[in-house]
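Protein chains: 2
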Amino acid sequence: MKHKIYIVGMGPGEEAMMTMQAYDTLLACDTIIGYQVYLKLLGEAFAEKEQLSTPMKQERERCILCFEKAREGKKVSLICSGDAGVYGMASLMYEIGESYPDCELSVVPGVTAALSGAACLGAPLNHDFCVISLSDLLTPWEKIEKRLRAAADGDFAIAIYNPSSRKRADYLMRACDILLETVEETRPCGYVENIGRDESKMELCTLKELRDRQVNMFTTVFIGNSETKIIDGHLVTKRGYHI
Amino acid sequence: MKHKIYIVGMGPGEEAMMTMQAYDTLLACDTIIGYQVYLKLLGEAFAEKEQLSTPMKQERERCILCFEKAREGKKVSLICSGDAGVYGMASLMYEIGESYPDCELSVVPGVTAALSGAACLGAPLNHDFCVISLSDLLTPWEKIEKRLRAAADGDFAIAIYNPSSRKRADYLMRACDILLETVEETRPCGYVENIGRDESKMELCTLKELRDRQVNMFTTVFIGNSETKIIDGHLVTKRGYHI
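For the record, the sequence lines run as chains A and B. No gaps in the numbering here: position 149 of the first sequence is 149 in the UniProt record's numbering, and each next residue is one more. No gaps in the numbering here: position 49 of the second sequence is 49 in the UniProt record's numbering, and each next residue is one more.
What the hints contain is simulated information worked out from the structure, not anything from laboratory work. Ideal Cβ positions, reconstructed from N, Cα and C, are used throughout, including at glycine. Keep in mind that the hints are not guaranteed to be accurate.
Chain A stretches covered by chain B per the calculated footprint, using a threshold of three residues with CB under 8 Å from any CB of chain B [said to hold, decoys possible]:
(1) 43-49
(2) 81-91
(3) 108-119
(4) 135-143
(5) 180-193
Quick look at which bits of chain A chain B covers, simulated, 3 or more residues with Cβ under 8 Å [stated by the list, open to error]:
(6) 122-131
(7) 205-211
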């Protein structure tokens, strides 16, 4: 029988935003591995579990740790924020897992920031949408630009992950400038900082205003499609052309 | 104080796939309103609640029922499958809610089929992706075609909702033909039927093979991007150009 490893999406932060399947999967494990920030979000119920971490940018080592622990006979979960398969560790686990044919992976989905952030703002993704990360750590910036243009061409509502960081302070501005090539300046937008945490904060603005906003790396940004409206302080994308 | 109404995403089906927040929100309500099929998925814990429904295509009436019940002083939740804000009822509730200024809406997010289906297949949405519905009930087919072309242009991984119905038996074929204008025939794809239910079934195939598959209306289809691979029977999209 293969060693089973679970890759668990824990949602945006607070424990209540986990699915019951995710919670129960973690409870049934011996060892929970994850980035330190996410381990700290786990509550009392998990205090007795073996909790292991590797620093940021040591994702590969974190994955290997999962396989090694599983081979020791531990029941292992790797936790990711949001959904494990949306900019999460799931794909890296499958890639590295090719070297561990005695291990079997299972992904437990979670509420990714596009969904939890959208719920805070109203319903900006209620029709066809794109999810785009502005991080060029693993993707060439030219490809990110191409995707932004394609998203605008297709009149998709857009959720933007990783809109900013210390090294990429002007990336959201650059992304907005690309969208503004074809999208009107008054297009309704919004953003949410620290979704699912105490210090959560949200804002609505136009695309032109968004261009000049400073957002931090814990922010998810939403850009409406041509049918998105502000209704009573909420960002709402219609389901279609009649209701 | 306003009458509070919750619009709750219940995930793909089985109760364990709900977030604890969604579960607790429903438990705290007097009245749960939803499409009959979704009400039936609720377990014993909700048997004592007032459960109300309207038939398919009477979504507007279902929303109005929520507001009327809330005005009667009931604590009301409207349930949607997946996420309430992804092709769900959230935006319609905000639109109709303009006529009920004494009511306040709150969206409780859930695991939409793009995420739960992706977890079944592996990690097909582990980088930038689009979600597109093939239903032309509320969207002109020309717009759907435009979005499919834009998604292919942008090299997005794609999750397709509503790929088929009795009246639209050839829509998935038509969508694949549009993608095949620019995407290679061997592009790895997959699909999942009845996610989160006992009779769930999944398949991997190429884009050319997908074109000729018959899928039912309870299926979510995934089309890889140019970096998607099959790894040990799973559909995996790399996080970027180096790992």
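Structure-based check of each hint:
no.	hint	result
1	43-49	violated (count 0)
2	81-91	holds (count 8)
3	108-119	holds (count 9)
4	135-143	holds (count 5)
5	180-193	violated (count 0)
6	122-131	holds (count 10)
7	205-211	violated (count 0)
Checked against the numbered hints given earlier, the structure breaks hints 1, 5 and 7 and satisfies all the rest.
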